[in-house]
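A.B. asks: Given next are the chains, with one letter for each unit.
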Amino acid sequence: MTTFPSDAGTSLDAPSSPSRLEVKDLQTWFYTGRGVVKAVDGVSFTLEPGETLGLVGESGSGKSITCLSILRLVPEPAGRIIGGEIWLGDTDLLQLSRHEMEQIRGRHVSMVLQDPMTSLNPVFNVEKQVGEGSMYHLGLHGSGLKDRVQQLLRWVRIPAPEVRANDYPHQMSGGMRQRIVGAIALSSQPSVLIADEPTTSLDVTIQAQYLQLLKDLQEEHRFSMIFVTHDFGIVARVCDRVAVMYAGRIVEMAPTRELFGSPRHPYARALIHSLPDPDTEVEWLTTIPGQPPSLYDLPPGCPFAPRCSEAMDICTQEYPPTFETGIAEPGAAGPPASHTAACWLYGDGSR
Amino acid sequence: MTATAGSQQPLLDVQHVRKYFPVNQGVLFRRPVGYIKAVDDVAFTIAPGETFGLVGESGCGKSTLAKLILLLEPLTEGEIVFEGQPLTRLSGESLRKYRGTVGAVFQDPFSSLSPRMRVRDIVGDPLTVTTDTPRRQIEERVAEVLDQVGLNPATASNYPHEFSGGQRQRIAIARALSAFPRLVILDEPVSALDASIRAQIINLLKALQQDLGLSYLLIAHDLGTVRFLSDHVGVMYLGQLVERSTSRRVFTNPLHPYTRALLSAALPVRPDVAREEVVISGEVPSPLDPPSGCRFFPRCPAAMPVCETVQPLLAPAEDGHEVACHLYPTSVPRGATVPGIQGGT
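Heads up: the sequence lines are chains A and B, in that order. Under the numbering used here, think of the first position of the first sequence as 1, with each following residue one higher. Under the numbering used here, think of the first position of the second sequence as 1, with each following residue one higher.
The following block holds chain A by itself, in its conformation from the complex:
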């Protein structure tokens, strides 16, 4: 693991190690009675320190399983990571022992789940649940742990943390509960935070507050974030880059503005154009014909081909590799951006 020079006052306030996360050709399959489900089939992406990557897709597209694979929490024995590499800094997480992985999970990579009603334990108070990570990973106890919990609660803007620490989850509102989950995820200053639809169960105005909080926390604590969502509006608000998933693969990846401005993959294009926009009036919405495919029997070739208006012969025969399609508007600053699409339409460009 790369180490990061601590520039903050105490070691607790320093990020664990702002490492780069690189997922290479990840394959997570489920072996069920009905056959093999290739829930994630060849997913590759990198997450730079401090960056927010959006993983967007419909239910069953593999976005949640990708995240669970990074934490090695794929439900076994049905699910198995059968191939690929997941590099955090210079460690391949897939090569670690179970015990070594426990040192990573919650310490260097942590997760915020969708529903705070089910991700918090109703029989333990907030202090116990928020403090668990600091106790386990940072070895805190007694008054040090108590102080740490209150610090974490202040980070996530819980009013009166000394009182609230003794509350149980049911005494809090949905938005506050989700902030508690955020405090738990931050408790060991992870370098990667995975947020799996963290605002789906919240009301829109509370959702806006929560997204703002995540952005502020990211600025303060400099973690990188994988943001799983099916909502393009959230992507537009919080993500630097977006990966669009369909049937277990990433079909398009680009900086956020670039993706919305000139989507390349016909699926991404159709999806963005089919969204009803509160800012404009149209007579009819653009629709995508058909339905998402069943992962039990994916068609050969590109799984979107049966619904695609631009499908060619090759699309039904061979899965397209990922092509670099070039940036439409080169950004002024930052690393050279890339805009990739897994679609034969871009096949004659350079690989």
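Hints listed in this document are in silico derivations from the structure and should not be mistaken for laboratory results. Hints may contain errors.
Facing chain A, from chain B, some residues (calculated, C-beta under 10 Å) [unchecked claim]:
| # | residue |
| --- | --- |
| 1 | Lys67 |
| 2 | Ala195 |
| 3 | Lys206 |
| 4 | Ala207 |
| 5 | Val226 |
| 6 | Gln311 |
Keeping only pairs whose Cα atoms sit at most 20 Å apart, straight-line, the calculated SDA-like set for lysine to any residue is [as the list claims (entries may be wrong)]:
| # | chain 1 | residue 1 | chain 2 | residue 2 |
| --- | --- | --- | --- | --- |
| 7 | A | Lys146 | A | Leu73 |
| 8 | A | Lys38 | A | Asp297 |
| 9 | B | Lys206 | A | Leu285 |
| 10 | A | Lys38 | A | Lys215 |
| 11 | B | Lys206 | A | Thr280 |
| 12 | A | Lys128 | A | Gly142 |
| 13 | A | Lys215 | A | Thr200 |
| 14 | B | Lys206 | A | Val282 |
| 15 | B | Lys206 | A | Leu73 |
| 16 | A | Lys215 | A | Pro306 |
| 17 | A | Lys38 | A | Thr280 |
| 18 | A | Lys128 | A | Met172 |
| 19 | A | Lys215 | A | Glu85 |
| 20 | A | Lys24 | A | Thr91 |
| 21 | A | Lys215 | A | Arg154 |
| 22 | B | Lys97 | B | Arg118 |
| 23 | A | Lys38 | A | Ala78 |
| 24 | B | Lys97 | B | Pro134 |
| 25 | B | Lys206 | A | Ser274 |
| 26 | A | Lys215 | B | Ser264 |
| 27 | A | Lys146 | A | Glu132 |
| 28 | A | Lys146 | A | Tyr136 |
| 29 | B | Lys206 | A | Trp284 |
| 30 | A | Lys38 | A | Glu85 |
| 31 | B | Lys97 | B | Gly84 |
| 32 | A | Lys38 | A | Glu281 |
| 33 | A | Lys38 | A | Glu58 |
| 34 | B | Lys206 | A | Glu281 |
| 35 | B | Lys67 | B | Arg99 |
| 36 | B | Lys206 | A | Gly290 |
| 37 | A | Lys128 | A | Ser143 |
| 38 | A | Lys215 | B | Ser281 |
| 39 | B | Lys206 | A | Asp279 |
| 40 | A | Lys215 | B | Gly282 |
Source: prediction; values computed, not measured. Glycine residues also receive a C-beta, built at the ideal position from the N, C-alpha and C atoms.
Starting from the structure of chain A, add chain B where the hints point.
C.D. replies: Quick look at chain B alone, frame taken from chain A:
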């Protein structure tokens, strides 16, 4: 789809409706210790062939209002008039007939369709219950509506689990349409569906409305859907309407601070559309003990001292665009003295 002339009789007239749920306490002698004011003095009309969209956060009373119109809950106060007939006077055959004239589509097509009934029986059910249509005719009607919603009538003998989410929602729509309704209540009709399916269902709802001259009451939190389908929009907060106007006015020129926050929170579909970012603090207060005065004042970025004491009235602020907010002099109740603002007309 344009709003009909004001002189025409509305199809549905919701008149100052209230619905209070008692909160009981005590073991032996249970008595109400308070009331949850789920719907508190709400009024609006829906013209024939038009869509009224209701937006607001969970717990603001949208779905309770739908239940009142469907007569699934009794009113506490007020009246709902359908085609000139007050609903509280309906009984026997007229009540049975009314239940056929109002259809409903709910959010989750996985729980709103009985897994033990065949599609034919699900879709034909409203006809069986509200009319004396002979069986053969019901089957013809089922085939007809299945065709209208884009399903193959040959699938009528299948069970719901054999269909995908989008197809199930089509079945739910077919059921709502089978008894020739005039009004259909759409309670979050697409929020449980996958993104690539939503547009299909939204377009279908609009096409059906045009073909059949239906009126819709649309309850949704996705503002894009509301803007696309609705002619008029009402914004609810804690059991009350705070703004009401045509869809275009509400979306292009929101007057109430809550509406502005809601539109801002709704997230732009495209990042290049600049939006005023209004993040309001706090959470929705309990409807058991709503704030005095304007119910939004504890969270309102524009709150004034008057907001804490005087409840603003929903009144037209600028040509027909109604808002309940003290920023607009028309909302000040007659007789109330507000420093700097004269009592409204």
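A.B. asks: Now, for every hint given, state plainly whether the structure supports it.
C.D. replies: Status of the hints after comparison with the structure:
1. Lys67: violated (20 Å)
2. Ala195: Interface hint status for B:Ala195: holds (6 Å vs cutoff 10 Å).
3. Lys206: holds (7 Å)
4. Ala207: holds (8 Å)
5. Val226: holds (8 Å)
6. Gln311: Hint on B:Gln311: violated, closest Cβ of chain A at ~21 Å, above 10 Å.
7. A:Lys146 <-> A:Leu73: violated (29 Å)
8. A:Lys38 <-> A:Asp297: At roughly 10 Å apart (the allowed maximum being 20 Å), A:Asp297 and A:Lys38 satisfy the hint.
9. B:Lys206 <-> A:Leu285: The hint holds at about 10 Å.
10. A:Lys38 <-> A:Lys215: Distance of about 33 Å is beyond 20 Å: violated.
11. B:Lys206 <-> A:Thr280: holds (17 Å)
12. A:Lys128 <-> A:Gly142: Given pair A:Lys128, A:Gly142 holds - Cα atoms ~12 Å apart, limit 20 Å.
13. A:Lys215 <-> A:Thr200: holds (17 Å)
14. B:Lys206 <-> A:Val282: holds (12 Å)
15. B:Lys206 <-> A:Leu73: The given pair, whose Cα atoms are some 44 Å apart, is violated under the 20 Å limit.
16. A:Lys215 <-> A:Pro306: Violated, because 39 Å separates the two Cα atoms, which is more than 20 Å.
17. A:Lys38 <-> A:Thr280: violated (39 Å)
18. A:Lys128 <-> A:Met172: holds (15 Å)
19. A:Lys215 <-> A:Glu85: Violated - the C-alpha atoms of A:Glu85 and A:Lys215 are around 29 Å apart, more than 20 Å.
20. A:Lys24 <-> A:Thr91: holds (13 Å)
21. A:Lys215 <-> A:Arg154: holds (16 Å)
22. B:Lys97 <-> B:Arg118: violated (24 Å)
23. A:Lys38 <-> A:Ala78: holds (12 Å)
24. B:Lys97 <-> B:Pro134: Roughly 16 Å between the alpha carbons, so the hint for B:Lys97 and B:Pro134 holds.
25. B:Lys206 <-> A:Ser274: Holds. B:Lys206 to A:Ser274 sits at ~15 Å (cutoff 20 Å).
26. A:Lys215 <-> B:Ser264: Judged against 20 Å, a Cα distance of about 17 Å means the pair holds.
27. A:Lys146 <-> A:Glu132: Since the Cα atoms of A:Lys146 and A:Glu132 sit roughly 11 Å apart, the hinted pair holds (cutoff 20 Å).
28. A:Lys146 <-> A:Tyr136: Within the cut-off at roughly 14 Å; holds.
29. B:Lys206 <-> A:Trp284: holds (8 Å)
30. A:Lys38 <-> A:Glu85: holds (17 Å)
31. B:Lys97 <-> B:Gly84: holds (15 Å)
32. A:Lys38 <-> A:Glu281: With Cα atoms ~40 Å apart, A:Lys38 and A:Glu281 exceed 20 Å; violated.
33. A:Lys38 <-> A:Glu58: holds (15 Å)
34. B:Lys206 <-> A:Glu281: holds (14 Å)
35. B:Lys67 <-> B:Arg99: Given that 20 Å is the threshold and the Cα spacing comes to 12 Å, the pair holds.
36. B:Lys206 <-> A:Gly290: Status holds; Cα separation ~19 Å.
37. A:Lys128 <-> A:Ser143: Holds - the C-alpha atoms of A:Ser143 and A:Lys128 are around 13 Å apart, at most 20 Å.
38. A:Lys215 <-> B:Ser281: The hint holds at about 16 Å.
39. B:Lys206 <-> A:Asp279: Roughly 19 Å separates the two Cα atoms, so the pair holds.
40. A:Lys215 <-> B:Gly282: holds (18 Å)
Hint violations for this structure: numbers 1, 6, 7, 10, 15, 16, 17, 19, 22 and 32, all remaining hints satisfied.
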